[in-house]
Structure formats: C-alpha cells, structure tokens
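Chemist: Spelled out, the chains give:
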Amino acid sequence: METPSRNVMVFIEARHGEIADVSRELLSAARRLATELDGEVEAVALGHGLGAALTELGCHGCRRVYYIDDSRLAHFSSVPYARETARLIRKYDPQIVLFGATTMGRDVAPRVASELRCGLTADCTALEIGDHAIKDVTFSRTLMQIRPAFGGNIIATIVSPESRPSMATVREGVMQLDAPDDFLPPATVMTEPCVLEDDAFLTEVLEVVRQEKAVNLPAAQIIVAAGMGAGDPDSLSLVRELAKTLGGQVGCSRPVVDAGVLPKEHQVGQTGITVRPNLYIACGISGQIQHRAGMAEAKRIIAVNRDPQAPIFSIAHYGIVGDVREVLGRMIKAYKTKA
Amino acid sequence: MGLRMIVTVKQVPDTHNVTGEAMKEDGTVNRAALPAIFNPEDLNALEAALALKESVGGTVTCISMGPPQATAVLKECLYRGADDVMLVSDRRFAGADTLATSYALACAIRTVGNYDLIFCGRQAIDGDTAQVGPQIAEKLEINQLTGVAKVRHADDESITVERTVEDGIEVVRSRYPVLVTVTGSANEPRTASAKLVMTYKNIGKQACEGAYEEAWLEPGVCSAVSHIREWNVESIGADPAACGLSGSPTKVKKIQSVVLTAGESQQVPNTDAGIAGLMRELVEENIVG
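Residue numbers (this note's numbering), protein chains in the order written: chain A, 1 to 339; chain B, 1 to 289.
Think of the hints as simulated: they come from the structure by calculation, not from any bench.
This structure is a prediction, so every number in the text was calculated from the model and none was measured.
Hints may be right or wrong, so weigh each one.
The calculated DSS-like cross-link candidates involving lysine-lysine, where the alpha carbons are at most 25 Å apart (straight line), are [said to hold, decoys possible]:
no.	chain 1	residue 1	chain 2	residue 2
1	A	Lys135	B	Lys254
2	B	Lys139	A	Lys135
3	A	Lys264	B	Lys150
4	A	Lys213	B	Lys150
5	B	Lys253	A	Lys91
6	A	Lys135	B	Lys251
Label-pair restraints from in silico Cβ distances [claimed, not checked]:
no.	chain 1	residue 1	chain 2	residue 2	range
7	A	Thr191	B	Asp155	50 to 58 Å
8	B	Val197	A	Pro263	32 to 40 Å
9	B	Lys254	A	Lys244	42 to 50 Å
10	B	Ala273	A	Lys244	21 to 29 Å
11	A	Gln176	B	Gln266	21 to 29 Å
Short, incomplete list of chain B residues facing chain A, as computed with Cβ under 8 Å [said to hold, decoys possible]:
no.	residue
12	Val112
13	Ile275
14	Ala276
Even glycine gets a Cβ: it sits at the ideal position worked out from N, Cα and C.
Generate the whole structure from the sequences, applying the supplied hints.
Modeler: So, in structure tokens, the structure goes:
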C-alpha cells in the first residue's frame, strides 16, 4: 500500500482577483511544517482568471496549485467552494490543510471538515509537528494545533490524528510571512474544471460595496491601544492624539469594544485583529492572554499602566507605571518638542 | 402559513468574566466555576427570527443542546416569543467537538421537520470557533449565509442579507431553506416580555431547577416540565458513535494556563526626563519618525 502523503495544503483565497496576504503567510507556515514532515507544500484555489497569480506562489515554496477555474466561482459562494475544495482534498489527500480565518475561510473550512468528517481547529496561534499517543497507538509527526481557548484564558493544544486531513484556520497576521525566494521554481498550476451544476450555486450576489476601512490595523506600523484603564473620554482623546502625533493608528482591547467605547475594527486580540507593528503602546491594558495573543509579536512594546502587577508588563520592552493621562501627555510633549 | 424558523441557542460560561480554576484536568470546561449565560450572538439569532415572525409571519422553534441547566436559555426564548423549544440532552452528547455537536443538532432539526430558515449565532463565546453553523448546514445539505450583519429583507421565498467582509459589504440573497449565522451587530435583541414571563411562570419548577453541575440528563428527568420538550440520542435518531467524545475527531492534548515569559523589560520612570529619554531612543532607532 502506498504511504499516505505528508503534504501540507493551503486554501488560497483571492479577493477581487488578488491573492490574500493571509494565504501567503499560510504558505510560509506550510513550508515550515512540510520540512518537518518531509512533505511538500501544495495549494488549492478556486476562482476565475487567477492562473498567473497562482504561478507566482512558487516563491513562497508552493510546488503545485490545484486550481478550479470557472466564471461562476469568481465570487465566493459557500456550497460550491466547500464542495469543490472537499473534492480536491479527497483527490490529493494531503496530511494537513490550512485556511485563513477570514470571513471566507471561516465559512468554507467548517463545511469542508463536516463533509470530510475530519477535525478542524479555529484560529490557531501556533502550529507544530509532534507525536501523540491514544491508548497504545502512537501517531508520529501529527499536527499540534495550538490556540487560546475559553475566552483566551488558557492555551489548548488540539490534535486530530485519527481523521485525515488535520485542518486548521489561522488569522491574518499570526504567521510570519517569509521573504519571497526568487530562486524557487514557479508553482505548477494544475487547472481542473468545476464539476458542479448551476443548482449548486445557491447564493445570489446582489451587490458588493467595497469600503476602505477607517482603520487598517494590520497595516499600521505604530499602534496606540486603549484598555479599560484608558476608556474615559480624556484618556481616549490622548490615545488618539498620541496615535496621530506618531503617525499611527488606534487599537483597543476587547472590554473597550464590549463597553461600546470603540468599534470592533479597533480590537486587537484573539477575537479581534492580530498585529505585528514596529511599535505598540498599550495604554491602561492589563494584558490578558486574549489581548496578548494579538500583539505579542510587535517589535517594540511600551506598556503604560497604573498597576505595577499588570500582566502586560511581562511582555513589554518598556514599562511605565503611572496614570495614563499623565504618561501620554508627557509622551506627546516630548515628541513634539523633539520634532 | 408563514416562515418556519429554527433557532439554535447555547448556554455558555461567561468567559468574559473568568475567575479561578475554570478548566478540569481532562481539558474540558468546568462550567460550575462560572456563571452561565445566554450566548450573546444567539440572542441576535433569536431576535432575527422573532422580527421576521412579526413582519412576515411564521413560527419560531428554539433548540439547545446541553445539560439540564440549559433549560434556562430555552425559558428565555419562550419569554421573548418563541413558539416551541426543545432541549437535546443526553450524557452521550458530552465532550462533543463542533463536528459531533453539529451532527446532533442537525439530527434534532430533522426531527423538528420542515423548516425554511435556521438562525444561529455566528459563534459561541466559550469556543469562538464559528464552526457549528456551517457544519449544521452541510449536514442538512442546505445553503448558508454566515457572519450576517443585517437582515435586509425576507419574504415567502428568499432572504436578503448584508455580510460584512474584509474589504466591505456584500448583499446576498438565498432561497429557502437556508442557514443564517448572525453577528452581534445584526440587531438589538429584545428583553423578556413581562406578559410571557407570567404565562410561562410555572415552567421548570420541577426537576430541572437546582445547582449547576456537569450532569447530563437522564432520560425523563425533565418530562414533568411543560413547554420544554426533551430529546435524547434515540429521540433524534442519532448514531451514538457519532455523538459526544466518540464522534469528535479533535482531541484536547494539553491545556496550559498562560505562563508569562519574563522579557527584557526596562522600567521607564514616569517623569518628563524619563519619557523624553524613551521617545528619543525610539526616534534614534527609527521606530518612530
């Protein structure tokens, strides 16, 4: 019998014809996993007119892209995307499949997992290869899916070695995107026709409104973030002023969103956005794991908090114990006098 | 006849307010350590259905899978205007991951019978996976519209909704049957109606009240409770092997409480000089411009 493949497959997401950043990040993660497994990185893509963009994924270590090109797939639709993705996964039988935890990935991945009756772990923050024993059976080199659980209060390692493939979703910004390697060969794109009848296309798209977001935290190099210790109007206006002064954007913790002080687009953390800015200034944020999961990879972290025991200080590069308004006032003043 | 609507609801531990040891050694949740609440986005799902019941007409049936205490959320459904509620409860459902949960709920929905619309909250705050809704839809072989931020229109044949996606909004329509998962911004959930609370005031005075334990219903325990139907593995025609832990491909290997890694943290005094020094350092290192 042929040994099952050790390949790692990435679901490639295209929005309006462009490959999503999260898909490239996942290819980087897949490459690291495939190296440990002695397998290869492959991808599945659905859409229309993506051929050239898919070939270029070779620079991220992707060897082959199984691509279903059909004009009916140009816009996302749950049932066709899930059925065709599941069909390709069955056909090529990878050990692992990774999806972006985007609105599309979170729609299609559970449906695929249900059809394949395999395990799926949402919003992983780390993926590793390791052994797992169930009773007397040891599963070697299986996928360890690590995610904060239970509101971010614990870190759980999830395994699903008895079903194939192991599937996981990962948010944008969580996996490090490796620099493209131009010496790698282009990906081989293997185009297949869509086998679905029109009656599988059950969602009718009436209108697509593209909106530039007022905040774009994943792209921000500097983020000044407010926690409940900076949720009062005075502190918040200083947070905004500091962000503006430094050319950064405003983020916040979940309680601030829950309290209705800032909209969800500003929320950094496990249930919000994952960021890797050059500078993250956490103002009045205690630093619960659910928040830290979304910002711990920032290059520099400054924590400002009244409570010297606040967990945020343990991951901060610079800690300032004090009143948020006082400290932010001093920062703004110091930066302006300097400039 | 109007729309036949089903809403799935879940009682969850209030993970936004976790204190003490919330996890048991086997990696499952010690729900007893936390207050139990109505999963927030499930209230939005219920509201979406009740609003359509008022505007288009129809019936709203709520289903919850969980231990006996989950009757609390079903009562809340009745208090808000649900027509019929059922508890899917059996110790053989315990330890279910999203696949086994969606299997049991899909079996329960098939047992309810004909439906046009199924509303689910996008995700539950104890797992934040957003997987159960789509997995129910797949098992029922029906369409799904996920992450719905607004129900725009519904009539006897189809529903039109707004989905918030990464780069904007899409307006999509689906004919029935369809499963819709709604987000917290979809609507403002109503509170319990005093009149309905009075109507149903005698519910649950019997066996289902009591201390919250991780104890799943023995068949028949809640049968004395009027208005809340109770189903077990057999009543929904489920295969026991596909339920609970044995029907769950994902296993929890390890649970860690979060250990803080002590970084090379530098204390900066909260003085004009201290902070000016920090800002200078950031400028010199090109961290800020």
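Chemist: Against the structure shown, which of the earlier numbered hints fail to hold, in ascending order?
Modeler: Hint check: 2, 5, 7 and 12 fail, others pass.
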